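Participant: Take a look at the letters that make up each chain.
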Amino acid sequence: MSRLPTGGQVDRAAQVSFKFDGKTYAAYSGDTVASALLANDVRLMGRSFKYHRPRGVFTAGSEEPNALLEIGRGAAQLPNTRATMQEIYNGLEARSQNRWPNLNFDMMSFTDFLAPFLSAGFYYKTFMWPRKFWLKIYEPVIRRAAGLGRISGKADTAKYDKAWLHCDLLVIGSGPAGLMAALSAGKAGAKVVLAEEDFLAGGRLNGENLTISGQRGADWAAETVKKLRAMENVIVMTRTAITGAYDGGTYGALQRVSDHVAQAGAAPQQIFWRIVAKQAILAAGAHERPIAFPNNDRPGIMLASAVRTYLHRFGVAAGARVTVFSNNDEGIQTARDLLAAGVEVAALIDTRKDITPEIDCPVLTGSKVIGTKGYLGLKSVSVQRQDGSVTQISTDCLAVAGGWNPSVHLSSHMGRKPVWRDDILAFVPDKNAVPNMHYAGATTGEFSTRAALNSGLEAARAALLALGLSSKRVTLPKVEEAAFDNLAPMQIEGKSRAWLDFQNDVTVKDIKLAHRENFRSVEHMKRYTTLGMATDQGKTSNMGALAVMAELTGQSIPETGTTMFRPPFSPVQMGALAGRNTGKHFLPERRLTSDKFSREMGADWMEAGLWLRPGWFKREGETRWRQSCDREVRMVRNAVGICDVTSLGKIDVQGPDAVAFLNLLYVNKMSTLKIGKVRYGAMLREDGLVMDDGTVARLGETHYLITTTTGAAGQVMAHMEFCSQCLWSELDVHFVSVTEQWAQFAVAGPKSRELLNGLLDTPIDNDVMPYMSCGDAGLGGVAARLFRISFSGEHAYEIAVPAGYGAALMAVLVKAAEAMDGGAYGLEALSVLRIEKGFLTHAEIDGRMTADDLGLGRMVAAKDCIGREMSERVGLVQERQQLVGLKPIGTVKQIVQGAVMVDVGAAPVADNLLGHVSSTCFSPTLEHCLALGFVKNGRARMGDQVRAVDLTQGIDTLCEITSPVFFDPDGGRLRG
Amino acid sequence: MRISCPHCGERDLREYTYLGSAKLLDRPDGDAGAEAFYDYVYIRENPSGENAELWQHSSGCSAWLHVVRNVSTHEILSVKLASEAKA
Amino acid sequence: MFYSAFEILKQGLTGNKGWKPVWRNPELKTEYDVIIIGGGGHGLATAHYLAKTYGITNVAVLERGYLGGGNIGRNTTIVRCDYGQPGNSEFYSHSMKLWEGLSQDLNYNVMHSQRGMLQLCHSDEQVGSYRKRANMINARGDEAQIIDRETIRKRAPYIDLDNARFPVRGGLWQKRGGTARHDAVAWGYARSADSRGVDLIQNCAVTGFDIVNGQVTGVQTTRGAIKAKKIGMAVAGRSSEVGAMAGLRLPIESHVLQAFVTEGIKPFIDYTISFGMGHFYINQSDKGGLVFGGDLDMYNSYAQRGNLPRVEQVAEASMAMIPAIGKVRQLRSWGGIMDMSMDGSPFIDKTHIDGLFFNGGWCYGGFKAAPASGAAFAHLIATGQHAEYASKFRLDRYKTGHMIDEAGTGASPKLH
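Residue numbers (my numbering), protein chains in the order written: chain A, 1 to 976; chain B, 1 to 87; chain C, 1 to 416.
Simulated from the structure, these hints should not be mistaken for lab results.
Incorrect hints may have been included.
What the hints assert, rightly or not - In silico DSSO-like pairs for lysine-lysine, Cα to Cα no more than 30 Å straight-line:
{"#": "1", "chain 1": "C", "residue 1": "Lys10", "chain 2": "A", "residue 2": "Lys162"}
{"#": "2", "chain 1": "C", "residue 1": "Lys175", "chain 2": "A", "residue 2": "Lys19"}
{"#": "3", "chain 1": "A", "residue 1": "Lys50", "chain 2": "C", "residue 2": "Lys52"}
{"#": "4", "chain 1": "A", "residue 1": "Lys132", "chain 2": "C", "residue 2": "Lys350"}
{"#": "5", "chain 1": "A", "residue 1": "Lys125", "chain 2": "C", "residue 2": "Lys10"}
{"#": "6", "chain 1": "A", "residue 1": "Lys509", "chain 2": "C", "residue 2": "Lys392"}
{"#": "7", "chain 1": "A", "residue 1": "Lys159", "chain 2": "C", "residue 2": "Lys154"}
{"#": "8", "chain 1": "A", "residue 1": "Lys125", "chain 2": "C", "residue 2": "Lys154"}
{"#": "9", "chain 1": "A", "residue 1": "Lys125", "chain 2": "C", "residue 2": "Lys287"}
{"#": "10", "chain 1": "C", "residue 1": "Lys287", "chain 2": "A", "residue 2": "Lys417"}
{"#": "11", "chain 1": "A", "residue 1": "Lys125", "chain 2": "B", "residue 2": "Lys86"}
{"#": "12", "chain 1": "C", "residue 1": "Lys175", "chain 2": "A", "residue 2": "Lys132"}
{"#": "13", "chain 1": "C", "residue 1": "Lys175", "chain 2": "A", "residue 2": "Lys159"}
{"#": "14", "chain 1": "A", "residue 1": "Lys584", "chain 2": "C", "residue 2": "Lys154"}
To be verified - Partner residues aside, some chain C positions facing chain A, computed with beta carbon under 10 Å:
{"#": "15", "residue": "Lys97"}
{"#": "16", "residue": "Ala244"}
{"#": "17", "residue": "Gly247"}
Claimed, not checked - Pairwise CB distance ranges (calculated):
{"#": "18", "chain 1": "A", "residue 1": "Thr553", "chain 2": "B", "residue 2": "Asp26", "range": "32 to 42 Å"}
{"#": "19", "chain 1": "C", "residue 1": "Glu100", "chain 2": "A", "residue 2": "Ala718", "range": "40 to 50 Å"}
{"#": "20", "chain 1": "B", "residue 1": "Cys8", "chain 2": "A", "residue 2": "Arg599", "range": "32 to 42 Å"}
{"#": "21", "chain 1": "A", "residue 1": "Pro130", "chain 2": "C", "residue 2": "Asp270", "range": "13 to 23 Å"}
{"#": "22", "chain 1": "A", "residue 1": "Glu480", "chain 2": "B", "residue 2": "Cys8", "range": "47 to 57 Å"}
Here the structure is a predicted model, which means the values were calculated and not measured.
Here a beta-carbon is modelled for each residue, glycine too, at the ideal position from N, C-alpha and C.
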């Protein structure tokens, strides 16, 4: 167990140092943490999840179940990182996890001694008494013991990107099959993306000692990759795992851009790609099967393919005295490769009786490993020979070869289960599993290199045919054909536990228990034992467990079933899936044209959907928002206020049938609206409840401008598009959202006309511009639109100019207002002004209200319109909660938004609730608190006393039910 | 999922907004009565195979589309403009 | 067999060889008093309460796959009772009471864990609307509070309170909210029903109904005809398809909802937390995985899988809420098929066919409902009367205009 003097693809000239559990080690560039630790004689790398068993590295790929480490520190700390995937870099810091106080001595390993009492699902059968103990005692203990690595809890500051990539052909996997496919398709001119999860392309070619066209396999792979990289139509992406197959030829892919360097620098840490491919070839290879035998989980026991990978790719002997245990020819190959490299092979143990390999080490045929020793690392194995005798072999590494499982995972992401092949005793992809996906290499059960190369060519041919491209001649490289016989997954009986799922500590005994308790369907077995739920998603465990269950039930493996593999293929950091849409960039901000001006005015900001709107404008001496708000309200009531109302939706509607269209959208009759007039209107949803309210202005013969609330602008626009395109496409009407084209400002207050007349090119009066009228206006030559509408109850206007003039107009308006003892007002004041007048927002129009509930019943005209028919259902007309005003009349002066209403003597319990408080404010005009709310049959109860009860704060307010219009009920100020 | 908008070409799912069954194209006449509207607004056939649906290319050209889709495999079988599907 | 620590000790000392099957593999009879179609959470719960509360044990539960293989086995395990609307609020309140004694009732630890649930608010308006809900919850006798930013900071310091696009203004806190182990709920109900004599029949799909003169007399299945005068459907996700066999036309669409789990990490998130600006909710399982979900994929689907836009949007919301989560890896995703009703609320009702009862339309709230749903459905089947706490889940409520619309978005199969 150490670095061999020569060999491997590590860069022996580039020595780096790294730390593991505080100790510094040397490694070479090109190492993984796993290979580097093995090279430094470190076998113990982790602890298992449940029993805290000491564990070493088991594989050399992303399916690693044991060697999971914490990498980095502080905000960069990354838990559960596979030592087999983490590339070494100078200064890398890795720590073992899920142990206390340290890896060699883990207190939690006492659970291993309690194993008989902690079998699968034991927790379902106990911890039930006393009832309160579950939350207070049992569960906290379980939670603390569970989990794997730790996250820092600090905000992840790494940069992640997301991007799109479109191609003709996506080749998944760069082993012999993938390389051949990419080469062939590349030569044919297809736009090819070749994705490889590893940082080195070549797949098994890097882990084996074989010859292709007279070259070392690894060299052939490197040369082929070079050729591919030279093609303009081919993108070779290493460190890129295809994580999922989705509809429409869309694939998720995670590229680990900077995980192999200490500092990402300008580059992102990772990129999550959405690859859209017309065709795809899955050439993801296969995973070697473990063999379940007693105590098969000790550090030093690993897959034979991993042993060969460490040998050939990293120049590392996985042990000083290696034993090989196999049921197929891979064992012989492993022993030969080790011997050739000068590594001692203690024995080759093969379960087959009838083989006579020519090899220079002890060979035990017809034999099996029935036990192992060595707590923190393998010391010896017990072998039962063909004659029944038992031999002890002292060894520090056991290479286990149990055959191969094709990597079918991506093929089942779209819901199709893989299919069983009896000739190779393995599951392979269903050919129709993913539309436009082809399969090549070991994924299809073609285990020999020659067959892999050939199937790569075949798959490329099929893909090119589908793409309408003609294949160019590509000669198949020469490679020795080696037949491979895959045997059934094995388990070996014994007294001790034999592990199937290493990470989750699921053993053969657990499967037997599941069988005994009738959790026999595969899904029940998995869920009951947690098999396959570990971070390797069952890649090393599912097959073995299926075989055990099949034997117990007397069924075949395919009868026993297979489980669905779901995305992602290998785990993906949440940061990468989120990309840059985090923090302040979670959703876009929409800003008013007056944004900068308002900021300079000291505005405090409030969110209104995506919009940012000023809440209030703080003036000197004002320390609380209420002071600013009250002043702004008085300003509007007594002088004039300016408010940017651009965020309200504006939709320009034109066409000969515009009015017919509006008639169908609104409950009101819009056909009577005259040019130059504005009407308040309400729209229903087809279910008869109010969708939104706003104004309709008739600008010309066939030209209307409608407004919506800020929040419902998008919904109303989509609804209108639906009505126009889907319901009444015969109507000649066109409309477009002009919300952002026109900046619009409310000029509200008794001095509003005076203010405007100081600015307008042509002054106005009450005859030219009466209440609810509209028209064109000029502002220093700029064409503007003027609307005499009011959301404050004051004599007010809204003036709209092309958005480019918005900032300038705001400044001019505010300056003029300030000269008249007025000024800018924000959302808070706007809200108080509208509550004083009983005007509605979506606090009232909450999607459950009818027009009549909101007091708009008289607007409903006798005609067809969206929602008219459904609004007449009995549940929508009887016993309704109706909009009312609420005024405090007792000692408690505050009414809380969200309080519930009950009668004076009634308890605030569910059956007594009359309604709720939807909006509240302190009215500086009336000098008391007031509220809008809903009370059952409220309009018939004017003057009654009710209570508004906020149980969350214990505020119980005696109120009088009033009209929702608290201020200027006759509307004299509006018209004046 | 990728849907081919007749105006814009093939685009990713995230550009579209789904409304529901294409039966929503067939709004009853205003005087058709409560039963007809109830059926129109609330009742869905909800088959597990082919389903005719309405989608809007909301992050594109805003066109409402009539899409026939297999709701068990998500395969898209046809796409046309809703206004044309109705005619 | 009574489960207890003592039994575990006894069995552990004897090689765990004496554990009995959790349920039998019974012979299918040709006739039952009651047939429940659907061996999911609601169907199994119904069988348990039929047997336990009403003494009706000549019951078959017909499951076309394996027990608990539907949405009870593929959800985010959240248990809460924070509904405001009459109809829902009394029902979920009752369900919570059943949850609180469920492990003991079933002698099966369903790991119901009331670690608390926090729903974040990001504007004063949202605080107001959550306060209204909190008041309605309190008026129902269940506890809910509105907590402020600083309390949230203390309880969940990993939430981005200061640098977020939508700063947190407060939250709705429900102490009794939490999670349960989803599979255990199915298995616990199954074990209890089985032990009381109910036949749980797996791999048996219903292919048709026998209806004579408006009265149901039995079902046709892949394993032959079975007679019963009372048949209850509890096949949420597939209600339309099964209902159509009996001529039911339902106000339901099937949609896919994805859920996700990360690799295990040491305890990080104690509560169930939901984001207020975009649909996202998260909790940490006892095993250490972060379990989370978001909104529907928003298209009709009978495929138990979703697509990338929702995967990404959910990850974005998770990072927006908890920026430390970037270093956790998503391990697995899955999809469940939801019976989406047109107001986001379910149905437990008789149908126009005598003897045929309907339970469905659970949208994506069915898990926490399972106990009360089973109890109410058993009550309806046994007595012919609606249980008081489930009296508003009528199939004709859209006809009469009595929607139970928590979201207020109306006549859409995408609400909950």
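Participant: All the hints need checking, so say for each whether the structure fits it.
Facilitator: For each hint, the structure was consulted:
With a CA separation close to 55 Å, the supplied pair Lys10 (chain C) and Lys162 (chain A) exceeds the 30 Å bound. Annotation: proposed proximity of Lys175 (chain C) to Lys19 (chain A) is violated, straight-line Cα distance about 44 Å (limit 30 Å). Restraint check: the Cα-Cα separation between Lys50 (chain A) and Lys52 (chain C) comes to about 36 Å, which exceeds 30 Å; the hinted pair is violated. The hinted pair formed by Lys132 (chain A) and Lys350 (chain C) fails the criterion: a straight-line CA distance of about 38 Å is larger than 30 Å.
Distance hint between Lys125 (chain A) and Lys10 (chain C) is fulfilled; the C-alpha atoms sit about 13 Å from each other, no more than 30 Å. Taking the CA atoms of Lys509 (chain A) and Lys392 (chain C), the gap is near 49 Å; set against the 30 Å cutoff, the hint is violated. Taken as a hint, the Lys159 (chain A) and Lys154 (chain C) pair is honoured in the structure, with Cα atoms around 28 Å apart against an allowance of 30 Å. Between Lys125 (chain A) and Lys154 (chain C) the alpha-carbon distance is near 35 Å, which puts this suggested pair outside the 30 Å criterion.
Restraint check for Lys125 (chain A) and Lys287 (chain C): the C-alpha separation of about 17 Å stays at or below 30 Å, so the hint holds. This hinted pair checks out: Lys287 (chain C) and Lys417 (chain A) have alpha carbons roughly 27 Å apart, not beyond 30 Å. Taking the CA atoms of Lys125 (chain A) and Lys86 (chain B), the gap is near 60 Å; set against the 30 Å cutoff, the hint is violated. For the proposed pair Lys175 (chain C) and Lys132 (chain A), the alpha carbon gap of about 14 Å is at most 30 Å, so the pair holds.
About 36 Å separates the Cα atoms of Lys175 (chain C) and Lys159 (chain A), which puts this hinted pair outside 30 Å; it is violated. The suggested pairing of Lys584 (chain A) with Lys154 (chain C) holds, with an alpha-carbon distance near 22 Å, which does not exceed 30 Å. Against a cut-off of 10 Å between C-beta atoms, the interface hint on Lys97 (chain C) is violated, since the closest Cβ of chain A lies about 13 Å away. Interface hint status for Ala244 (chain C): violated, as the beta-carbon distance to the closest one in chain A is roughly 22 Å, over 10 Å.
Taking 10 Å as the C-beta cut-off, the interface hint given for Gly247 (chain C) is violated, the closest approach to chain A being about 24 Å. Remark: the range hint 32 to 42 Å for Thr553 (chain A) to Asp26 (chain B) is contradicted by a beta-carbon distance near 53 Å. The hinted window of 40 to 50 Å between Glu100 (chain C) and Ala718 (chain A) holds, with their beta carbons roughly 44 Å apart. Judged by the Cβ atoms, the range 32 to 42 Å given for Cys8 (chain B) and Arg599 (chain A) holds: they are separated by roughly 38 Å.
With their beta carbons about 22 Å apart, Pro130 (chain A) and Asp270 (chain C) fall inside the hinted range of 13 to 23 Å. For the pair Glu480 (chain A) and Cys8 (chain B), the supplied restraint of 47 to 57 Å holds, since their beta-carbon distance comes to about 53 Å.
Violated hints, listed in ascending order, are 1, 2, 3, 4, 6, 8, 11, 13, 15, 16, 17 and 18; each of the other numbered hints is respected by the structure.
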